[in-house]
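Residue numbers (my numbering), protein chains in the order written: chain A, 22 to 302; chain B, 22 to 302; chain C, 7 to 256; chain D, 7 to 256; chain E, 7 to 321.
Derived by calculation from the structure, the hints in this document are not laboratory data. Please note that the accuracy of each hint is not assured.
[Unchecked claim] Straight-line distance between alpha carbons at most 20 Å, and here's what the computed SDA-like set of lysine to any residue pairs gives:
# : chain 1 : residue 1 : chain 2 : residue 2
1 : D       : K159      : A       : E263
2 : E       : K257      : C       : W255
3 : E       : K40       : C       : A220
4 : C       : K159      : B       : S61
5 : D       : K159      : A       : D72
6 : E       : K137      : E       : P201
Listed below, chain by chain, are the residues.
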Amino acid sequence: MRQDTKMPTAEARDFATEGASPSGTGAIGAAISIRGLSHSYGDLQTIERLDLTVAAHGVLGLVGPSGCGKSTLLELIAGLQEPESGAIELGDARDPHGRLDRCAYMPQRDLLLPWLSAIDNAALALRNRGVRRAQARREAGSLFERFGLGGFESASPAELSGGMRQRVAFLRTLVAEKPVLALDEPFASLDAITRAEMQEWLAGALRADPRTVVLVTHDVEEALYLCDAVAVLSARPACVLEQLRAPSPRAANRNAAVTAQEFVTVRERAMRALREGASAT
Amino acid sequence: MRQDTKMPTAEARDFATEGASPSGTGAIGAAISIRGLSHSYGDLQTIERLDLTVAAHGVLGLVGPSGCGKSTLLELIAGLQEPESGAIELGDARDPHGRLDRCAYMPQRDLLLPWLSAIDNAALALRNRGVRRAQARREAGSLFERFGLGGFESASPAELSGGMRQRVAFLRTLVAEKPVLALDEPFASLDAITRAEMQEWLAGALRADPRTVVLVTHDVEEALYLCDAVAVLSARPACVLEQLRAPSPRAANRNAAVTAQEFVTVRERAMRALREGASAT
Amino acid sequence: MKRWLLPTLLLAVLIGAWQIAASTGAIAEALHIESFLVPSPAEIAESLWQSRSLLAENAWVTVREVLFGFGCALVAGLGFAVAMHLFETLRLAFQPLIVASQTIPIFVIAPILVVWLGFGIGPTLAIIALICFFPITVNTLDGLGSVDVEATKMMRTLDASRRQILWRVEVPAALPYAFSGAKIAVAVAVIGAVFGELAASGAGLGRLIFQDMAQLQTARAFAAVVVLSAIAIGFFGLIALAERRVVTWR
Amino acid sequence: MKRWLLPTLLLAVLIGAWQIAASTGAIAEALHIESFLVPSPAEIAESLWQSRSLLAENAWVTVREVLFGFGCALVAGLGFAVAMHLFETLRLAFQPLIVASQTIPIFVIAPILVVWLGFGIGPTLAIIALICFFPITVNTLDGLGSVDVEATKMMRTLDASRRQILWRVEVPAALPYAFSGAKIAVAVAVIGAVFGELAASGAGLGRLIFQDMAQLQTARAFAAVVVLSAIAIGFFGLIALAERRVVTWR
Amino acid sequence: GEKSEDVTAKAQSLSLTLDFYPNPDHAGIYMAQKLGYFEDAGLDVSIHTPADPAAPIKLVAAGQTDLAISYEPEVLLAKEQGLDVLAVGALVDRPLTSLIWLKKSGIKGVSELRDKTVATAGIPYQDAYLKTILARVHLSPSDVKAVNVGFGLLPALLGGQAQAMLGGFSNIEGVDLRLRGSNPLVTPVDKLGVPSYDELVVVAQGKRLEEEPQEIRLFLAALARGTAAAASDPQATTKALLEANPDLDPKLTKAEVAATLPLLKPARGKHPFGYMDAAGWSKFTGWMRDNGLISSLPPTDSVLSNDYLPGEIPE
Ligand SMILES: Nc1ncnc2c1ncn2[C@@H]1O[C@H](COP(=O)(O)OP(=O)(O)OP(=O)(O)O)[C@@H](O)[C@H]1O
Ligand SMILES: Nc1ncnc2c1ncn2[C@@H]1O[C@H](COP(=O)(O)OP(=O)(O)OP(=O)(O)O)[C@@H](O)[C@H]1O
Ligand SMILES: [Mg+2]
Ligand SMILES: [Mg+2]
């Protein structure tokens, strides 16, 4: 992998390609609207009257203390759980089934299937959509080299390092080709360099082919670089403490962007909000 | 959790206490010496003629590209694998059994046992050492509050968030009370604030009760704050590209330390080394 | 309670269909449902009621045999599985023998068992235990081997002895397998009881069924089979319940 | 090859001890080892050699029965397990029936089977299939339920249909369980063959064992049991081998 | 009448293993038990039932049971295998095993069995009976379809899968069929060319007989008394059987008892109860050998002994 920030055209096209996915049609650019959302596991209130909106093709970052309910919120958005009260809309979909249809979710744990090779894990969504195995492997495999996984196509998950597993899981989510992406700490296990490269790749891909994205991360810099806006969540039960606009979302030159004075200022503000949220509990 | 950086005396004492551990006696302050270490998985060479030394009570950071062999190196140090060639010494122990005896290892995946509650997972090492259950729970539980896990003592791992799981795994490693700690990205799933608090806690604990530590992290700042020295590893097969001295290891005031000019300079150097290592492949 | 409605309905329908088939001349003839061969549900129910005390008495004998035999097999099976798991040599040596033990027909060992254990409940217990032993052992052994190696590594760095790895990691991981094995075992245990009783005991449902079949008292034989099935289903349910209470982590 | 040394040695020691016990008057008397009850290894070996063609012929019959019966049970058991896994109602309704099916003694159903399937291999196949069906179904059903719910969630977000979740997640997770069940089934299949042959067939090892026992030719009966065990161990080994080749991920 | 504390205390326990589940063949045994004849003889008899009819004789040889009910062919087979057993009395001194077909099958005689299906229990010497029976009408075993149905003789016949069955007893299965209104035609095998033999015999271990013959004598005497008592009172016999074995079917048992009691009397009237005809045994032994069931001809005094029988039926 190289540090140059040019979008690799082939991959960008690949990513932009609308497959034969039934969910890929019509719902492109679904906006997310969450109103008065509450959720709890038994007695444990995780989310309390949370409001959030993401415009179609918008990218929203979520940061918040560990255990505040970020992963739960993503599961709610993705249609894997139902709220206690409140409403979630993805484009025109309100029911969990419609949300599932529109949203690709990358869970925090990679959850690679141990009986499938790396490439078959990455190709799962294509296979589920009915693409033939050879074709699915080809499509999913086209990004392996780019993601630093070249040569590990047929490795089993147990033979991959933590960061490699995470990248395979990321790839698996991308190839689902959904209008909405819900990413739960997609780059948490990556070293600074690989992580920056992945961020740049994602930024480029989103520039070429905009999607609606909700990105959970514990890296404020990552959030502010990749997202249009960043919501800082309070400790459990989660609600939005502050919502910040990023100064230069997905700038072509990442290095310049994240060292710009404006960027640093916003970052400090976000950190302060986070700190306050944490100490409020 | 609070942002104040005072070491909570009770917990610090707890951590410093030498339990009845057989491995706790005698081997305290074991130095690590690795010479000419090579390792491979089948045809895949992961480590090539690597030399590293850590003084007794020294803290060494390891940073390097994802998939370069960091986790493998920790497993080798901990005595879970044997090198192809070269030697690893932990104090006076060269054989894997002796290394296992001296080294507590926190794996990258948390590997909490699903049939045990959070506190029983944390207390595993004590239970293995023969401590009665009630006593073991008390000892392990004393840090739950401090680590933001209060109230989740009897939760099952499936009921914990990603970051909470990681903290339980960290606790589990700590209570093993070994002279050497091998930590594989212990704070990777934590948000910035919680992570900073955990770092400060660890720094304080190490000040009060020095151990020999090898810390794998993808966060250069974390490495430079917590460690005496940071080794930058090359891409696979891993070897040491550069070893940097940290300007003010485990400073009492983290915020001040990491924003100091000297710190920033070293960080930039580390990043450059990392980048070069990554692009060399 | 709605989840119980459909199954109950299905059972009722099955029994009803059987009754109709048995009492409708043409169907009965086509299916060869003749009461000496396949009694109708009504006949079975009548027999069940009329012979209730006889059935209850014999059922109690069989229940006790099953309980003891299964208990012995459980202890031995779990023990053997653990031993074979810990010592590869033991496994290589004993696994074939254990498989072989399953293949000895009852009429070959029955006289030997009677000679060694005398008449009475002994040989029956031995046969039940032998039959139950196998599924428990095979499943538990496979379960003990199903552990994630990473978890074992983790335990080793926490100073776990072999025994502690066994108890804290391997045994819990093997529990779902062991429960499946126990469920299989307890259902086949009643069949073991039937054949065991044939070989050396003067009482029990198996004995009753055999005598009734020899006398072509098929209705009562089927009634006894119904009781036998109820016993097996009861034990099966109990173990399934225990499983749900013990294996809480999934 | 050293790992085979000890087991072989153990077997040799066991057989040797048995031979010594059988040929030493006092021990034989104490243990009641009399050749009409428990023949000595030497007698069995002799019988094995002398009747080799007879044994081989009958073994071939039994092997075929086991293969077919087990095959049917495998297909039916896997199918049923999947169906019951997918539909809770089916499970509630059929699980008790399936447990009950295990408790019907062979001498109760043999005549019915003969009436329905005629003489010959049919009833034997049915009995083998019935016996094998149970462990396969119970284990596979439990295996299908052993899946991490998180993995299922992940699949759902990837647009997986119920069928795809089944095939890509649940079936692979159930495979180790199914293999354990198949190993149990194939070992008890030979016993099913023995009793099936008793009920309605003119050939096979079971038939031979029964006749030899009736004629008090115990040595040859034991020789046939040895062949029967060898068959079971062979099938067991084959399935264990298949398991190792299929379940590569652990 | 002379039962006293003393005698009871010294009652010698004696175990008896039946050939099969309890049925009217065992009428004498259950009557002797019920009427206390065993007790009178100072015996405490325990009765066991096996599943496999081949097992009891082995248990006798192994010394696990004192006495067993077995079959003459079985005794000869045991001798062939070198088992130390001896027949000490006949319980039923003629064949009961019968060839049975139903009237509705239209079969008039054995010769009409050609191409018909005959169900057997799969016991080798019974297969030889069939061979002999067929040979008398110049049929070979391959001319009929002989099928082994194990436990399922009656269902095979009643269900029509088989047109005839060989292996059932005239007084058990024969009666059962009659009671069901099936009009069976029952012919014991000795009427069809098989040499006569003693269907049920009491067997003891040779060594045991040498060491303690007295108990066996006492047992046989009490059994003789029991059998006589049974013969004179069918109703009481049925009751005794049903009391001891509540799982027997009363109606069927009553009919079976009626059919059985005459068969318990010695066939050759001049001999006492239990007498075994050495000449008959010798002839049957020859038949066994000719059919390859045994390889040598044991002298009759090595397989049977009438010495333990009571001289005459005691009152
Ligand atoms: N399945 C569950 N059952 C019960 N409680 C749960 C469950 N999953 C999560 N929780 C609880 O809900 C809270 C929120 O969990 P969640 O995983 O959403 O946190 P998070 O914000 O993603 O944290 P992290 O940054 O550590 O991943 C936590 O306190 C956790 O203990
Ligand atoms: N069990 C294994 N069998 C075969 N290859 C393995 C195995 N474990 C790891 N590898 C390979 O070894 C290399 C180093 O893996 P390792 O886990 O040590 O990397 P790492 O430096 O810890 O990476 P990360 O930062 O992503 O965790 C990787 O290429 C991986 O694919
Ligand atoms: Mg989370
Ligand atoms: Mg790693």
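Taking the hints in turn, this is what the structure says about them:
The hinted pair formed by D/K159 and A/E263 fails the criterion: a straight-line CA distance of about 31 Å is larger than 20 Å. About 59 Å separates the Cα atoms of E/K257 and C/W255, which puts this hinted pair outside 20 Å; it is violated. Between E/K40 and C/A220 the CA atoms are separated by roughly 25 Å; this puts the pair beyond 20 Å, and the hint is violated. Taken as a hint, the C/K159 and B/S61 pair is honoured in the structure, with Cα atoms around 18 Å apart against an allowance of 20 Å.
With a C-alpha separation of about 25 Å, the suggested pair D/K159 and A/D72 falls outside the 20 Å cut-off, and the hint is violated. Using a Cα cut-off of 20 Å, the hinted pair E/K137 and E/P201 holds, with the two alpha carbons roughly 13 Å apart.
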